[in-house]
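*Asks:* So the chains spell out like this:
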Amino acid sequence: MCIHFKVFLYFVQGRIFVNHKMAQAARLNLRMQKEIKLLQDDPPHGVSLNENDLSSLSSIEARIEGPEGTVYAKGIFILKIQIPERYPFQPPNVTFVTPIYHPNIDNGGRICLDILNLPPKGAWQPSLNIATVLTSVGLLLSEPNPDDGLMAEISREYKYNRQVFDINAQLWTEKYASPSAAGTSGWGSVDAGVLAQNTQVEDTESQGSLPKSSTKDCEGNKRKRLLLGQKLSLKSGRSDEDMKTIKQDPVASHLPSMAGSTYPTACFSDVSGGQNDTSEKMSVGTASGVVSKIEYRGNNKNSQLPSQGLSVTSEAPSKTSDGNDVFVLPNHSPTSASHANDHGMQSSDDILENSFPRRIGGSSDSSYKPPEGNQRNIRTLGLKLSLKSVKPEKKSDDQKENMAPNHLPPQPGFNKSQKRPLDAVSRKQFSGGPALAQQNPITEHQQSNTQVVSTEECNQGRKKLCAPSRRLSLKSKQYGLDSACDKEYKPPNCSLSDKLPNELPLSAPPAPIPKGEAVARNELPLLAPPAPMTKGEAVAPNELLLSAPTVLKSQAKALGFAGRQKDANSGNFSVKQTAVSMENVVVSDSEDSEDECERPPRSRLSLMRRRLAGKLRT
Amino acid sequence: MGDVPQAPHAADGGAEGEGPPAVPDPNPSPSLGGCSDPVSVELSMGGDYYRACCGEPDLDIPEGPKLPCVGDKEPLSSLAAEFQSGSPILQEKIKLLGEQYDALRRTRGDGNCFYRSFMFSYLEHILETQDKAEVDRIMIKIAECKKTLLSLGYIEFTFEDFFSIFVDLLESVLQGHEAPIGPEELLERTRDSQVSDYVVMFFRFVTSGEIQRRSEFFEPFISGLTNSTVAQFCKASVEPMGEESDHVHIIALSDALGVPIRVMYLDRSSCDTGNLSVNHHDFIPSTNAEGPDAATTSTPATEKPYITLLYRPGHYDILYPK
Chain A
1 MCIHFKVFLY
11 FVQGRIFVNH
21 KMAQAARLNL
31 RMQKEIKLLQ
41 DDPPHGVSLN
51 ENDLSSLSSI
61 EARIEGPEGT
71 VYAKGIFILK
81 IQIPERYPFQ
91 PPNVTFVTPI
101 YHPNIDNGGR
111 ICLDILNLPP
121 KGAWQPSLNI
131 ATVLTSVGLL
141 LSEPNPDDGL
151 MAEISREYKY
161 NRQVFDINAQ
171 LWTEKYASPS
181 AAGTSGWGSV
191 DAGVLAQNTQ
201 VEDTESQGSL
211 PKSSTKDCEG
221 NKRKRLLLGQ
231 KLSLKSGRSD
241 EDMKTIKQDP
251 VASHLPSMAG
261 STYPTACFSD
271 VSGGQNDTSE
281 KMSVGTASGV
291 VSKIEYRGNN
301 KNSQLPSQGL
311 SVTSEAPSKT
321 SDGNDVFVLP
331 NHSPTSASHA
341 NDHGMQSSDD
351 ILENSFPRRI
361 GGSSDSSYKP
371 PEGNQRNIRT
381 LGLKLSLKSV
391 KPEKKSDDQK
401 ENMAPNHLPP
411 QPGFNKSQKR
421 PLDAVSRKQF
431 SGGPALAQQN
441 PITEHQQSNT
451 QVVSTEECNQ
461 GRKKLCAPSR
471 RLSLKSKQYG
481 LDSACDKEYK
491 PPNCSLSDKL
501 PNELPLSAPP
511 APIPKGEAVA
521 RNELPLLAPP
531 APMTKGEAVA
541 PNELLLSAPT
551 VLKSQAKALG
561 FAGRQKDANS
571 GNFSVKQTAV
581 SMENVVVSDS
591 EDSEDECERP
601 PRSRLSLMRR
611 RLAGKLRT
Chain B
1 MGDVPQAPHA
11 ADGGAEGEGP
21 PAVPDPNPSP
31 SLGGCSDPVS
41 VELSMGGDYY
51 RACCGEPDLD
61 IPEGPKLPCV
71 GDKEPLSSLA
81 AEFQSGSPIL
91 QEKIKLLGEQ
101 YDALRRTRGD
111 GNCFYRSFMF
121 SYLEHILETQ
131 DKAEVDRIMI
141 KIAECKKTLL
151 SLGYIEFTFE
161 DFFSIFVDLL
171 ESVLQGHEAP
181 IGPEELLERT
191 RDSQVSDYVV
201 MFFRFVTSGE
211 IQRRSEFFEP
221 FISGLTNSTV
231 AQFCKASVEP
241 MGEESDHVHI
251 IALSDALGVP
261 IRVMYLDRSS
271 CDTGNLSVNH
281 HDFIPSTNAE
291 GPDAATTSTP
301 ATEKPYITLL
311 YRPGHYDILY
321 PK
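First to last, the sequence lines map onto chains A and B. Residue numbering for the first sequence follows the numbering used here, beginning at 1 and increasing consecutively. Residue numbering for the second sequence follows the numbering used here, beginning at 1 and increasing consecutively.
Bound-form chain A, shown alone:
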C-alpha cells in the first residue's frame, strides 16, 4: 500500500527517477512474492502463512506453533508481519497478534529480538529474510531471554519463579492461543495486568519515584499479594467453567491480580514455598472460592446487577469476552491520558475507578471461584492466613500499596508512589475511618460523607443502585485487599461453609461488624450488587481474626467501632447505613494504615462514586 502510494507520489512529482522508483517498488513486490512462496513451499518448522490474506504484500500474517515441550506448546500464535518500504534494508515489523506471556514480548505484541532492529541496537541485515525472522521468533519461544526482557515482571518471574511463569504462560496459551481461539483474541483483551506492568516499567524509567517508593515500602507485601492475586487468578481460571453466572477468563482474572501486584515475580518467590504444587494452590483457591461463590450466588440472586452490569460495561468498550480485562482497560487508558496532566481530584477519582475494576476482578476472583472446596484447601488457606496474620498491619499497608501499583500504571502522570493512588483512595475513604474507629466523634464526618454519597445515589435511582453496589464492591474489594489479604479474604468464604461456627465465635467480639454486615444485607436487596462484597469483607475480618489473634484484636476493635457507628447510622438511612458500614469497614482497614490519614478522602470518594455511577450507567 505504502509502496504504491509512494510510487504514485513520484509520478505526481514528476521526478526524474519515476521509473526507477517504480522499479524499486516492483522489485520489492517481486521479492515479497518470492518470500511468500518460500514460506508457502518450505516454511520454517511450525510456521504457516495465512493464505487467506495475501492481498497485500506489505502486510502478511503468519501463524507459528508453540514449540513442543515449551509452555507455548499446542498454541497457535498469529504474527503480523509488516514490510517497510525500505525492506530489506529495514527489518520487517513483526508483532504477535495473539497475546503471549513471554519475557521478550510486550503487551502490544512487540518482540524484543535483535534481528528485528537495525544496528547498532539490533542485528538486522539485508541478507536476512522473513523466513529467517520467523525461525528466530520460534527460537525465542523456545528460549526466552529474560536477561534482556521487555517485560520486567515476566522476566523476573521466568528467572526466579519459573513454575509460576510456566503456569501463567500456559494459561495464556490455553486462553489465547488454543487452536480454537486462535485469532479471536488480541492484546486488547489482556491488558489489565500486562498494561499495568508495562506502564509500571515505563513509569519506573520515566518516573523513578513511583516504583521506588512503593517497592521500598512494601515489596515484600506486594509480592505476597501478588502471589495471592496470582493464586486467586489461578483458582478463578479453573473455576471458570464452573462459574456460569460470571464470565471470567482465567487470564483476565489473572491480569487484575497481576496488576495489583507491582512485582508479581517477587511475590511468587515468597509464595513459592507454599506453591510448590499448583494444584494445591488451585485447590485452595477453589476452596475459598467455594464460599465466596456461594455468597456470590446469593448476592446474584439478590442482585445480579452488579456482576452482570460490570461485565456488560466492560465488554462494551472492548468487545472482548473477558469482562474483567476489558473493563479494566477502558479505565486505564482514559486515566493514563488524563493523569498525565492532572494529578488532583481527577487522578484520585481515576484511581478509584481504576481500582474499582481491578478490585472487582479481584473480588470476583475470590468470590467467583467455583467451590471445589477441599478441606485441605481450607487448611492451606488457614496456613496462608496465619502467615498473613503474622504481620497483618504490614499486610494491610501492603494491600493498599498493591492497590496503588495497579492504579499507578494507568497514570503515568501520577508521580507519587504507586501506593499513593490506592492509598489516597483508601485514605480518603478511610482516613476518617481510623480515627472514627477508635473514636466515635469522628464518625460523624464519615456519616455525613457517606450520607451525601448515599443520598446522591438514592436520587439516581436504579442505576444509582447499581453504582452503589459497585461502589460497595469497590470498597469491599479495597477492604478485602486492605484489611485482609486475598487469602484472608478467601478463608472467610471457607469459614462460611465449613468453619463458620468456629469463626463466628471468634468474630463474636467484633460483633458490630456482623451487624454492619447485617445492615448491609438488609440493604443489599436494594443494592444487591454491593451486598456480596460487604459480606465478603465482613467475613474476611472475622477470618482474619481467627487466623491471627493479634490482628483480630485490632481489626475487631476497628470493626466494633465501625459497627457501632454503622448501627447508629443505620437507624437514619438504610442507604446511608450501607454506605456507612462500608466505610466503617474501610475504617477498620484504615487503622492499619496509619500513615495514610493525610488526605481528604471524602470529597474524592464522592467524586469517585459519581464517576462510577456515571460509568455504570453508561
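Just so you know, the hints here were simulated from the structure itself, not pulled from any lab data. Mixed in with the good hints, there may be bad ones.
Stated by the list, open to error - Straight-line distance between alpha carbons at most 25 Å, and here's what the computed SDA-like set of lysine to any residue pairs gives:
#1 235/B - 93/A
#2 147/B - 170/B
#3 146/B - 231/B
#4 121/A - 243/B
#5 147/B - 131/A
#6 95/B - 270/B
#7 146/B - 171/B
#8 235/B - 74/A
#9 146/B - 93/A
#10 141/B - 131/B
#11 147/B - 28/A
#12 121/A - 88/B
#13 74/A - 166/A
Since chain A is already given, all that's left is putting chain B on it; use the hints.
*Replies:* Same frame as chain A, but now just chain B:
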C-alpha cells in the same frame, strides 16, 4: 608499479593507522606500508560537477546523513585545507599526494564508504572508457558470484535484487544501452540511497561469498582480526550495512570481481629514513582466485588499478589522478 614492500597482514589492526589529531579514528583499520609510486591512472573528469561546498569534511565516520552518498569532485587542495592545522606529517603527505592526484570525491562516512567509493569509481571508469570488454568480463564474474552464493546456501531472492541493480547500473553507463546515462545521472543515481544501498549490498554479498568460498585463505586473517569463524565474520562484519571494510574485505571484493584497487594511505606513519612517502597498496586480483594470496602478489602490469581510493583511518574516499 605497485611495489608493496611490507604489506602488513590484515591482522595487524591499524598498528600504523594512527589518525591525525584532526581525524579521530574510532575504528582503526590496518594500513599498508609502501613507498609512493607515481600512478598514472587517467580518469578524466566526466563532466562538470558543480562544486558545492559539502560543509565540514567528514573526518569522522558518523557524519553520515549530512553528506550525500557520493560527494562532488573536489580539488585536492580542499584536503590540504582540511589539515591546515593538523599533523605536519599529514600536511607533507598531502603535498606528496598532490604530485600525483589532483582531486578527490568524498563519500558518506557511514561505514559503507569503501563500497560506495568503489561503486562510483568503477562505474565512472566504465562510463569514461566505455570498456565493453571489461563489462563483459565483470558480468561473468558477477554470474560466478551468484553461483557462489547459491552454493553457500543463500536463497536467491535474498540477493538477486542487489545483483540486478548493479547490473542495471552497469549496463546503463554503457552507451550502447537503450537508455544510457551520463555522468550527472550516474552521480544522481549513486546518490539515491535506494540505489546506492542496493549496490553496497551487492558488493557486500559478493565480498561475503568470496570470503566464504575461500575460507581457508581468509581464515587466518579473520581469526587474527576477530575471534570469530569465517561464517560469523561474514554475518557480523561483511553483510550488515554500515560495517566498515578492512583489508580482508578489499581483497575479497577485488578478487571476486577481478578489479584491481589502489589504496593510498593518508596516515601519520613515517619512515625512519626521513623520506616521507604516502604508503599505498594495490589490491590486484589474482587470476586464480585459489591462489595463495591475491593481495600481496603483484600481478603483471596489465592489471593497473584504475580505481584509487584515499584511505584515512576509518574512511575511504575516491582519488583522481592527474
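*Asks:* Determine for every hint whether it applies to the structure shown.
*Replies:* Results for each hint:
1. 235/B - 93/A: Answer holds: residue 235/B to residue 93/A is near 21 Å, not above 25 Å.
2. 147/B - 170/B: Status holds; Cα separation ~19 Å.
3. 146/B - 231/B: This hinted pair holds, its Cα atoms lying about 17 Å apart.
4. 121/A - 243/B: holds, 13 Å
5. 147/B - 131/A: holds, 21 Å
6. 95/B - 270/B: holds, 14 Å
7. 146/B - 171/B: holds, 18 Å
8. 235/B - 74/A: Distance of about 33 Å is beyond 25 Å: violated.
9. 146/B - 93/A: violated, 28 Å
10. 141/B - 131/B: Within the cut-off at roughly 16 Å; holds.
11. 147/B - 28/A: holds, 22 Å
12. 121/A - 88/B: violated, 39 Å
13. 74/A - 166/A: Holds: residue 74/A and residue 166/A sit about 14 Å apart, inside 25 Å.
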